[in-house]
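Trainee: So the sequences go chain by chain: A and B.
Numbering that gives the first Met the number 0 puts the first residue of the first sequence at 0, with every later residue one more than the last.
Numbering that gives the first Met the number 0 puts the first residue of the second sequence at 0, with every later residue one more than the last.
A couple of the hints might just be wrong.
Within a straight-line C-alpha distance of at most 30 Å, the following computed DSSO-like cross-link-like pairs (lysine-lysine) qualify [what the hints assert, rightly or not]: (1) 289/A to 34/B; (2) 34/B to 428/A; (3) 238/B to 474/A; (4) 280/B to 238/B.
Non-contacting residues of chain A with respect to chain B, defined by C-beta distances greater than 12 Å in every case (computed) [stated by the list, open to error]: (5) 50; (6) 52; (7) 164; (8) 234; (9) 380; (10) 384; (11) 385.
To give an idea of the chain A side of the interface with chain B (calculated C-beta under 7 Å), a few residues [claimed, not checked]: (12) 21; (13) 24; (14) 25; (15) 273; (16) 274; (17) 373; (18) 378; (19) 379; (20) 382; (21) 419; (22) 422; (23) 426; (24) 441; (25) 443; (26) 449; (27) 453.
In short, the hints are calculated from the structure, not lab data.
For each residue, glycine too, the CB sits at the ideal point set by N, CA and C.
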Amino acid sequence: MTEKQNPTELTGTVNAISEAVVINLYAAADKIYPRSTFGFFTKWRWVTIWLTQLFFYGIPWIEWGSRQALLFDLEARRFYIFNLVLYPQDLIYLTAILIISALSLFLFTAIAGRLWCGYACPQTVYTEIFLWIEAKIEGDRAARMKLDDAPMSSKKLLKKGSKHAAWIVFALWTGFTFVGYFSPIRELGASVIGNSLGPWETFWIGFYGFATYGNAGFMREQVCKYMCPYARFQSAMFDDDTLIVTYDEARGEPRGNRSRKADISNQNLGACIDCSMCVQVCPTGIDIRKGLQYECIGCGACADVCDTVMDKMGYERGLVKYSTQNAVNKGWSQKQVLRHIMRPRVIIYAGILIFLVAGLLTSLWLRSSFRVDVVRDRGVMARLATGGMLENVYRLQIMNATETTQHYQLSATGINNLVIESDVATKDKTVTVNPADSRWIPVRLQIPDGSMASGSHKVQFEVKSMDSKESVIEKSVFLVPR
Amino acid sequence: MSDFTSSFWPIFITVISLAGVLGCALLLWVTSKIKASSPSGDNTNGHVWDETLREMNNPLPRWWVWMFIITIVFSLFYFAAYPSLATYEGKLGWSQVGQYEQEMATANKTIAPLYAKFTAMPVEELANNAEAHAIGERLFMNNCAQCHGSDAHGSKGFPNLTDHDWIYGGSPETIQETITNGRIGMMPPMASAVGSDDDVKNVSNYVLSLSGSNHDAARAVLGKEKFASCAACHGADGKGNQAIGALNLTDDIWLHGAGEAAIIKRINEGKTNQMPAQNAKFSPEQIHVLAAYVWGLSNNAATSNVAQETAQ
Numbered sequence: 000m001t002e003k004q005n006p007t008e009l010t011g012t013v014n015a016i017s018e019a020v021v022i023n024l025y026a027a028a029d030k031i032y033p034r035s036t037f038g039f040f041t042k043w044r045w046v047t048i049w050l051t052q053l054f055f056y057g058i059p060w061i062e063w064g065s066r067q068a069l070l071f072d073l074e075a076r077r078f079y080i081f082n083l084v085l086y087p088q089d090l091i092y093l094t095a096i097l098i099i100s101a102l103s104l105f106l107f108t109a110i111a112g113r114l115w116c117g118y119a120c121p122q123t124v125y126t127e128i129f130l131w132i133e134a135k136i137e138g139d140r141a142a143r144m145k146l147d148d149a150p151m152s153s154k155k156l157l158k159k160g161s162k163h164a165a166w167i168v169f170a171l172w173t174g175f176t177f178v179g180y181f182s183p184i185r186e187l188g189a190s191v192i193g194n195s196l197g198p199w200e201t202f203w204i205g206f207y208g209f210a211t212y213g214n215a216g217f218m219r220e221q222v223c224k225y226m227c228p229y230a231r232f233q234s235a236m237f238d239d240d241t242l243i244v245t246y247d248e249a250r251g252e253p254r255g256n257r258s259r260k261a262d263i264s265n266q267n268l269g270a271c272i273d274c275s276m277c278v279q280v281c282p283t284g285i286d287i288r289k290g291l292q293y294e295c296i297g298c299g300a301c302a303d304v305c306d307t308v309m310d311k312m313g314y315e316r317g318l319v320k321y322s323t324q325n326a327v328n329k330g331w332s333q334k335q336v337l338r339h340i341m342r343p344r345v346i347i348y349a350g351i352l353i354f355l356v357a358g359l360l361t362s363l364w365l366r367s368s369f370r371v372d373v374v375r376d377r378g379v380m381a382r383l384a385t386g387g388m389l390e391n392v393y394r395l396q397i398m399n400a401t402e403t404t405q406h407y408q409l410s411a412t413g414i415n416n417l418v419i420e421s422d423v424a425t426k427d428k429t430v431t432v433n434p435a436d437s438r439w440i441p442v443r444l445q446i447p448d449g450s451m452a453s454g455s456h457k458v459q460f461e462v463k464s465m466d467s468k469e470s471v472i473e474k475s476v477f478l479v480p481r
Numbered sequence: 000m001s002d003f004t005s006s007f008w009p010i011f012i013t014v015i016s017l018a019g020v021l022g023c024a025l026l027l028w029v030t031s032k033i034k035a036s037s038p039s040g041d042n043t044n045g046h047v048w049d050e051t052l053r054e055m056n057n058p059l060p061r062w063w064v065w066m067f068i069i070t071i072v073f074s075l076f077y078f079a080a081y082p083s084l085a086t087y088e089g090k091l092g093w094s095q096v097g098q099y100e101q102e103m104a105t106a107n108k109t110i111a112p113l114y115a116k117f118t119a120m121p122v123e124e125l126a127n128n129a130e131a132h133a134i135g136e137r138l139f140m141n142n143c144a145q146c147h148g149s150d151a152h153g154s155k156g157f158p159n160l161t162d163h164d165w166i167y168g169g170s171p172e173t174i175q176e177t178i179t180n181g182r183i184g185m186m187p188p189m190a191s192a193v194g195s196d197d198d199v200k201n202v203s204n205y206v207l208s209l210s211g212s213n214h215d216a217a218r219a220v221l222g223k224e225k226f227a228s229c230a231a232c233h234g235a236d237g238k239g240n241q242a243i244g245a246l247n248l249t250d251d252i253w254l255h256g257a258g259e260a261a262i263i264k265r266i267n268e269g270k271t272n273q274m275p276a277q278n279a280k281f282s283p284e285q286i287h288v289l290a291a292y293v294w295g296l297s298n299n300a301a302t303s304n305v306a307q308e309t310a311q
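Chain A with its partners taken away, still in its complex shape (with noise of 0.2 Å):
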């Protein structure tokens, strides 16, 4: 890779190490023990993790009517949210989605830097959690490096085990509660207490808790920095105006450890006592103050916890904060920073997301309660029928996404004197579909033989609701032999 370098600490390291050194192309990654944070950015951190786990292990619980509220049942391609019924023919909706998804990032990205990094992506999110845990167990940062060097004990052992079994139990539930969107969770709940877990269930719900348990807690910023495709580009979104977690190089530099009580005022000191405590926070083992690196997924723990160790030095705090590259060399106040959100690109986005929105927003709302499909049958193109009527013959197929038995009247009109039949319909064109199920409907259409020329001649057919009073229109063609 390649990284800007600042040219006076260039010059200092390479008069201090002159000589060639040898460097290797593979290297063991060094195990990270993040220091335990407190402060604003850990408690904004704590919030969304709250937030999004509620969310992720407490919706599949949630009952809707007769059913669970979320459901994404693959075996019968039927999708449950709340009252919506979705078809696979409703993709259109998850792609929107995704789009929006992405917009989301680039407008979150643009302004305030990885914000999805540090406080929402599952990877960091779960990481938070699984250091959590071991904290708990094993104690902090010091206690656990001691912990590793240490050589095994019962006592060590002991420590270990439960971490491990701890994490696993979590994971585990963690991959349950993922499977429960896809198979009604109750259902599964009481599978997995009478064991007898289908064998996809089992394997998901494995897979699952062991890509938590390996994730959370081995893999951790390696997922960040060396698989996440989202870490790399989104510095592309970057510019000088996007909050960021900085390091105030005028006011930190030179750093140095000092007294308390000395007064920096008439030494060549700056702010930064040099403890490397915002080192030991960062959960991706960087230190801030080399500048922005890929690295950095943005969660705050080093301005956190250079607040409190300014704080202590009685020092102004925000050495370390988040801000912008603007407002740091140019020393602009937090009004400053605010009015320059609004810039071209930050309006693009938020432009095309608002649209975007708006028209899924809206395609929701006008959506039809049930959809319907044409298809002409091909093995028969036209047929005489009795009383010298010419005849084609259609499916339709009606997918009811109501949960309530729906009742259609099928008409076509398109050419004068067409008649609707089908077998399956009662006297008055009506045909039955189960709640949430979809229903093929042979029908045909007649004119009177000879009363329209040869070719194709273009037809609707409209299936109303009887129930809701909907109506939805198809189009085809009637087939005129010569």
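On the provided structure of chain A, position chain B as indicated by the hints.
Mentor: Here is chain B on its own, set in the frame of chain A:
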């Protein structure tokens, strides 16, 4: 067994697969030996662009190397276990066909109890069973509707299954037999037996008169005598013979087209019409359900809606 006709492709696949795996291993080994140097000693490799832009060493984490090694080991086991290299069949004896047959066997086992219940029921009863009706409808839509039409009303050359005009008989057993073994209906060209073109025309008008269709009465009278050669199959009264699939000529249903011209054409040219046997496609249990559905088409007019209502 190789499905490729040329021996080039199995060799091509073998070479590509082995070269890929060996190449990956070789690359790992070589790069693990390479030691780059950092002239300035600060973990940059000495390359400088645009005045201050310098290339840092960013070593690959070792766990990633292990993943490569695991992949290599996995692929070697995979080569040994599955049909992968040239015509080698693999230790596990896996094949696509075997997998398909296994899955079909599993699926059949799952649905067997469902069909067993239906097999015990007579067709007349089954036709009113909502569950069986739904299955029969799906079988029909996917396998029969291509010829007989989605509404089963057929078309020219393909019989209508919803009326009471049965070529080979409409009893549940005959329907079952028709689906299982198929039918071949053959009418030989009769022009020489009937006589001149004029005689053929006369017979045609007689045939039309049998069902009361538009015809030339004078020609019909003349044609009656010549109809004797047709009566062998269609019967003296023209009502046909279900045992041999001879069509009933007295109803106003014309499988191969109505009108004088169409009938003349049939007398002159004959017709061989075939319904293919379905026993290779369906199990006898499925045919039983399908037969009930087809029987129900002409015997229970309101079946479908009744079935839908009762299914709820």
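Trainee: Residue 289/A and residue 34/B: Cα distance at most 30 Å?
Mentor: With a Cα-Cα distance of about 27 Å, the restraint between residue 289/A and residue 34/B holds, given a limit of 30 Å.
Trainee: Is the hint on residue 379/A kept, meaning its closest Cβ partner in chain B is under 7 Å away?
Mentor: Interface hint status for residue 379/A: holds (4 Å vs cutoff 7 Å).
Trainee: Checking a non-interface call: every C-beta of chain B should be farther than 12 Å from the C-beta of residue 52/A. Is that right?
Mentor: holds, 28 Å
Trainee: Hint validation: residue 426/A versus chain B, beta carbon distance must be below 7 Å. Holds or violated?
Mentor: At about 10 Å, which exceeds the 7 Å cut-off, the nearest Cβ of chain B leaves the hint on residue 426/A violated.
Trainee: A closest beta-carbon separation below 7 Å is what the hint needs, so does residue 382/A meet it against chain B?
Mentor: OK, holds: residue 382/A within 7 Å of chain B, min 4 Å.
Trainee: Does the nearest C-beta of chain B fall within a distance shorter than 7 Å of the C-beta of residue 453/A?
Mentor: Violated. Min distance 16 Å.
Trainee: So is residue 380/A really clear of chain B, every C-beta pair being over 12 Å apart?
Mentor: Its Cβ does come within 12 Å of chain B, the nearest being 8 Å, so this is violated.
Trainee: Between residue 238/B and residue 474/A, does the CA-CA distance stay at or below 30 Å?
Mentor: violated, 43 Å
Trainee: Grab the minimum C-beta distance from residue 378/A to chain B and call the hint holds if it beats 7 Å, violated otherwise.
Mentor: It holds, given that the least Cβ distance between residue 378/A and chain B is near 5 Å, below 7 Å.
Trainee: Does the interface hint hold: is residue 25/A within less than 7 Å of chain B, judged Cβ to Cβ?
Mentor: holds, 5 Å
Trainee: Evaluate the condition: distance from the CB of residue 384/A to the nearest CB of chain B exceeds 12 Å.
Mentor: It is violated; residue 384/A is separated from chain B by about 8 Å at its closest Cβ, not greater than 12 Å.
Trainee: Does residue 419/A hold up as a contact with chain B if the rule is Cβ-Cβ below 7 Å?
Mentor: violated, 12 Å
Violated hints, listed in ascending order, are 2, 3, 4, 9, 10, 11, 15, 16, 17, 21, 23, 26 and 27; each of the other numbered hints is respected by the structure.
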